[in-house]
Amino acid sequence: MESLQRVQPPVFPLEKVVIPEATSFRLNNGAPVFLIEAGTEEIIRLEFTFKAGQVKEYLPMLASTTNMMLSEGSQNYTSEELNRILDYYGAFLNMSAEKDRAGIVVFLLNKHIEKVLELSREILFRPVFPEAELNSLMKKRLSWYLVNREKVQNLAMDKFFESVFGKQHPYGHQLIEQDFNNLNPALLTDFHTKNYTPENMAVIVSGKIPEKTIELLNQYFGDISSKKINSEESKDILKGENRKKIHIDKSGTVQSAIRIGSATINKRHPDYPGLKILDLLLGGYFGSRLMKNIREEKGYTYGISSSVSSLNLTGYKVISTEVSRKNCRNALDEIYKEIQLLQREPVKKSELDVVRNYMAGEMLRMFDGPFALAESFKSAWEFGLDNSYYFRLAEKIKTIEPDEITLLAQTYYNIDELYEVTVGSK
Amino acid sequence: MINFSRFSLDNGLRVLVHEDKSTPLISMNILYDVGSRDEDPGMTGLAHLFEHLMFGGSINIPDFDLPLQMVGGENNAFTNNDITNYYLTIPSENIETGFWLESDRMLELDFSLKNLDTQRSVVIEEFNQRYLNQPYGDAILRLRPLAYKVHPYRWPTIGMDISHIEKTDLEQVKRFFFSHYAPNNAILALTGNITHDKAFRLTSKWFGPIEKRIVQTRKLPVEPVQNEERMLTIEKDVPSTALYKVWHTGPRISPDFYTLDLITDLLAGGESGRLHTKLVREKKLFSEINAYITSDIDPGLIIVQGKLMKHINIQHAEEAVNEVIDSLKNGTDIKDEMEKVKNKFEATTVFSNTSIINKAASLSFYELLGNPGLINMEAREYRKVTREMVVDSASKYFVPSNCSTIYYKSTRKDK
Numbered sequence: 001m002e003s004l005q006r007v008q009p010p011v012f013p014l015e016k017v018v019i020p021e022a023t024s025f026r027l028n029n030g031a032p033v034f035l036i037e038a039g040t041e042e043i044i045r046l047e048f049t050f051k052a053g054q055v056k057e058y059l060p061m062l063a064s065t066t067n068m069m070l071s072e073g074s075q076n077y078t079s080e081e082l083n084r085i086l087d088y089y090g091a092f093l094n095m096s097a098e099k100d101r102a103g104i105v106v107f108l109l110n111k112h113i114e115k116v117l118e119l120s121r122e123i124l125f126r127p128v129f130p131e132a133e134l135n136s137l138m139k140k141r142l143s144w145y146l147v148n149r150e151k152v153q154n155l156a157m158d159k160f161f162e163s164v165f166g167k168q169h170p171y172g173h174q175l176i177e178q179d180f181n182n183l184n185p186a187l188l189t190d191f192h193t194k195n196y197t198p199e200n201m202a203v204i205v206s207g208k209i210p211e212k213t214i215e216l217l218n219q220y221f222g223d224i225s226s227k228k229i230n231s232e233e234s235k236d237i238l239k240g241e242n243r244k245k246i247h248i249d250k251s252g253t254v255q256s257a258i259r260i261g262s263a264t265i266n267k268r269h270p271d272y273p274g275l276k277i278l279d280l281l282l283g284g285y286f287g288s289r290l291m292k293n294i295r296e297e298k299g300y301t302y303g304i305s306s307s308v309s310s311l312n313l314t315g316y317k318v319i320s321t322e323v324s325r326k327n328c329r330n331a332l333d334e335i336y337k338e339i340q341l342l343q344r345e346p347v348k349k350s351e352l353d354v355v356r357n358y359m360a361g362e363m364l365r366m367f368d369g370p371f372a373l374a375e376s377f378k379s380a381w382e383f384g385l386d387n388s389y390y391f392r393l394a395e396k397i398k399t400i401e402p403d404e405i406t407l408l409a410q411t412y413y414n415i416d417e418l419y420e421v422t423v424g425s426k
Numbered sequence: 427m428i429n430f431s432r433f434s435l436d437n438g439l440r441v442l443v444h445e446d447k448s449t450p451l452i453s454m455n456i457l458y459d460v461g462s463r464d465e466d467p468g469m470t471g472l473a474h475l476f477e478h479l480m481f482g483g484s485i486n487i488p489d490f491d492l493p494l495q496m497v498g499g500e501n502n503a504f505t506n507n508d509i510t511n512y513y514l515t516i517p518s519e520n521i522e523t524g525f526w527l528e529s530d531r532m533l534e535l536d537f538s539l540k541n542l543d544t545q546r547s548v549v550i551e552e553f554n555q556r557y558l559n560q561p562y563g564d565a566i567l568r569l570r571p572l573a574y575k576v577h578p579y580r581w582p583t584i585g586m587d588i589s590h591i592e593k594t595d596l597e598q599v600k601r602f603f604f605s606h607y608a609p610n611n612a613i614l615a616l617t618g619n620i621t622h623d624k625a626f627r628l629t630s631k632w633f634g635p636i637e638k639r640i641v642q643t644r645k646l647p648v649e650p651v652q653n654e655e656r657m658l659t660i661e662k663d664v665p666s667t668a669l670y671k672v673w674h675t676g677p678r679i680s681p682d683f684y685t686l687d688l689i690t691d692l693l694a695g696g697e698s699g700r701l702h703t704k705l706v707r708e709k710k711l712f713s714e715i716n717a718y719i720t721s722d723i724d725p726g727l728i729i730v731q732g733k734l735m736k737h738i739n740i741q742h743a744e745e746a747v748n749e750v751i752d753s754l755k756n757g758t759d760i761k762d763e764m765e766k767v768k769n770k771f772e773a774t775t776v777f778s779n780t781s782i783i784n785k786a787a788s789l790s791f792y793e794l795l796g797n798p799g800l801i802n803m804e805a806r807e808y809r810k811v812t813r814e815m816v817v818d819s820a821s822k823y824f825v826p827s828n829c830s831t832i833y834y835k836s837t838r839k840d841k
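If you read the sequences in order, they're chains V and W. The numbering used here numbers the first residue of the first sequence as 1 and each following residue consecutively. The numbering used here numbers the first residue of the second sequence as 427 and each following residue consecutively.
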């Protein structure tokens, strides 16, 4: 009865991704500001980012605790007031301290920009780090930590970073309970004075940006000066542990966590776009080889993925999954098999075409809307790169050949150099 | 303001279209009016397992994901007590591939035993990962049957017992499909770079030929009014003791819904919510505490859950929670807080509507509730809530005989 031919409609090549350029200027004190105009709603995303991540800390948790304490009271507002007023204006404040950078992101309705800027200045440049709030935060963090240490995926990830970057380096340091007792307000003030400075700051604004934004940014942040105390990068060198295979026994668990990977190149390296494509093929999307084999064929897991990430000093790649205990060995074998297959046999054109098209769609999503645009901008800018990085990536997606992928797999996935962390009950 | 148009096909499929030219993408959302509440008590978890099977190939298309990835698209899905929701985002030039894919799996699935076997294992691993291998992961599994005695909300979407999933057979799967997956039991929303005319043409072409199916009218047992306090104690080797308290609410479309949702925000919205301020910051009884409303279509729950700080007595912590909740019943000092929460709802709506995926999901869900216009009206509904309404609802719902409590006690000895 049906006259419709249910065959795939014609497939059209995707439009070239349009990336709006950020306009940049400097505040009166020299801090760079980037403006990205996008979106249809009267809102903006406002990010203040500082070189104030873990890599700057001389005691564990200093970077993250300083960051979390920024909104716990300032010269002119108590912590309760800061939070209540931000909530009152419908603003969403996210604080984050990562391995290299730390700062805040605020999502706000344009009509409240002035109030939000005033509070952001309090949070970023006038925090007072009250001792009572610090003690209570550290108690809370300890109890979160204890819950997290029950989860195989957290134990595995912490051990992975420790193995790959070394126990001593802030990138690899694992927290112990003792670390929760070592901080005091003076240490936080010192870390803040050295790292949350206009010299260390950049501002990224995206959305439907109000006209007076530049003027207001200068009014609230343009006259802030620093004491110009140099903060030093960690002197510890990045060096992976000697042991490559580590098992942590955690009794009573029904699933085991697996992490396999190693340090690798970062975004600044010319091979990086190619490595991104290889990673996607291996485990970076739902149709990846690992997902097809280990979830869709064998049903060992709810999910498996691989990723490549860039840090300032290095990069890393990691394959992550949680599998039923009894299939842990099988899953490991299959992961290595998939890596070896990529090193041995060129990828078929049909599979590569899917990856090319999927990634082209991904690129449209990476630049769709003011929030995505700001994140994509930042993740190139922080490595000293601009949009030409994305154009190179787009070009590589279009032109990469199977042989190049094989070569990348041989160069960057040497199995003898990979760390293997498993956590679960025997 | 989200402008949208609406039409339906002769086979009963309802369609909503919202054009947004600022994006090169289109989000295509299909909501099926079936969730875990529609399951047989002896065969729970089927609606969710079915969501997995929907990716295993349909009558004319052996692989769902591959052609979608081939046109730069991406997809996901979720199942809850009430609905099963699928969504794609596709670059607009290739939207027709989305219509081809979605209409084919509405037409008929390729019911393969191999796919069923694999997805059964995947779902069992999902169950293990989410509920068994996480500290406190089973709390929600224990809470539902405490609060509900007869309504299907007494089991979670993943299933009451994993053995139900283990023993599913192809016949049951087929029956489930033909009794719930039908154009007359689905809502399609298209948002993004698509015009009404194009949406109409493509929907008619691909979904129009699918015949209407017989969908039984839903007849669910009504949960009797709870009239006694319920209490359960669980002892486990977890790092700290946790407290869970739930109260029954009205259905999603009851006039009290907005008041109760607003109340949970007064209690736990953001860092400045009452529970957080009083019990985490001031009294330091909890390391974290949260409150939310389940937003179920049938009468749902308000859930308050928190993890205690070390050495805090759970009865003492519970009394403190009750005190904060009781403070709403006299309504003092509440005016500014209400204004704050209302502003936050307004902002949340604006932020949520920056995403075409959210807009498509909201339009579909509001259509299911009977009024897609709610997408533009809900912020106003929150504005209408008065101090008296908060006092009345708090006094009506937060009573001990309407409450179920779990003490999730840590058996761990301090080192």
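Hints are not guaranteed to be accurate.
Calculated cross-link-like contacts (lysine-lysine; reagent style BS3-like; alpha-carbon spacing at most 27 Å) [as the list claims (entries may be wrong)]:
#1 K839(W) <-> K426(V)
#2 K298(V) <-> K593(W)
#3 K140(V) <-> K710(W)
#4 K139(V) <-> K761(W)
#5 K447(W) <-> K16(V)
#6 K99(V) <-> K194(V)
#7 K810(W) <-> K378(V)
#8 K151(V) <-> K755(W)
#9 K292(V) <-> K349(V)
#10 K326(V) <-> K292(V)
#11 K575(W) <-> K710(W)
#12 K709(W) <-> K250(V)
#13 K447(W) <-> K208(V)
#14 K326(V) <-> K593(W)
#15 K298(V) <-> K600(W)
#16 K111(V) <-> K810(W)
#17 K709(W) <-> K111(V)
#18 K710(W) <-> K139(V)
#19 K835(W) <-> K140(V)
#20 K600(W) <-> K292(V)
#21 K709(W) <-> K139(V)
#22 K447(W) <-> K426(V)
#23 K151(V) <-> K447(W)
#24 K761(W) <-> K111(V)
#25 K662(W) <-> K151(V)
#26 K326(V) <-> K662(W)
#27 K326(V) <-> K600(W)
#28 K140(V) <-> K839(W)
#29 K593(W) <-> K250(V)
#30 K115(V) <-> K761(W)
Note that these hints are calculated values from the structure, not bench results.
How the hints compare with the structure:
1. K839(W) <-> K426(V): Given pair K839(W), K426(V) holds - Cα atoms ~24 Å apart, limit 27 Å.
2. K298(V) <-> K593(W): With a Cα-Cα distance of about 18 Å, the restraint between K298(V) and K593(W) holds, given a limit of 27 Å.
3. K140(V) <-> K710(W): This hinted pair holds, its Cα atoms lying about 9 Å apart.
4. K139(V) <-> K761(W): Given that 27 Å is the threshold and the Cα spacing comes to 33 Å, the pair is violated.
5. K447(W) <-> K16(V): holds, 16 Å
6. K99(V) <-> K194(V): Holds, because 17 Å separates the two Cα atoms, which is no more than 27 Å.
7. K810(W) <-> K378(V): violated, 41 Å
8. K151(V) <-> K755(W): violated, 39 Å
9. K292(V) <-> K349(V): holds, 18 Å
10. K326(V) <-> K292(V): This hinted pair holds, its Cα atoms lying about 20 Å apart.
11. K575(W) <-> K710(W): This hinted pair is violated, its Cα atoms lying about 35 Å apart.
12. K709(W) <-> K250(V): violated, 34 Å
13. K447(W) <-> K208(V): Judged against 27 Å, a Cα distance of about 16 Å means the pair holds.
14. K326(V) <-> K593(W): holds, 20 Å
15. K298(V) <-> K600(W): holds, 23 Å
16. K111(V) <-> K810(W): Measuring from Cα to Cα gives roughly 22 Å; hence the hint holds.
17. K709(W) <-> K111(V): violated, 36 Å
18. K710(W) <-> K139(V): This hinted pair holds, its Cα atoms lying about 9 Å apart.
19. K835(W) <-> K140(V): Holds: K835(W) and K140(V) sit about 18 Å apart, inside 27 Å.
20. K600(W) <-> K292(V): holds, 25 Å
21. K709(W) <-> K139(V): Roughly 13 Å separates the two Cα atoms, so the pair holds.
22. K447(W) <-> K426(V): Status violated; Cα separation ~55 Å.
23. K151(V) <-> K447(W): Violated: K151(V) and K447(W) sit about 44 Å apart, past 27 Å.
24. K761(W) <-> K111(V): Holds, at about 22 Å.
25. K662(W) <-> K151(V): It holds: about 15 Å lies between the C-alpha atoms, which stays within 27 Å.
26. K326(V) <-> K662(W): With a Cα-Cα distance of about 24 Å, the restraint between K326(V) and K662(W) holds, given a limit of 27 Å.
27. K326(V) <-> K600(W): violated, 31 Å
28. K140(V) <-> K839(W): Between K140(V) and K839(W) the Cα gap is close to 19 Å, so the pair holds against 27 Å.
29. K593(W) <-> K250(V): With a Cα-Cα distance of about 30 Å, the restraint between K593(W) and K250(V) is violated, given a limit of 27 Å.
30. K115(V) <-> K761(W): Holds - the C-alpha atoms of K761(W) and K115(V) are around 21 Å apart, at most 27 Å.
The earlier numbered hints that this structure contradicts are 4, 7, 8, 11, 12, 17, 22, 23, 27 and 29.
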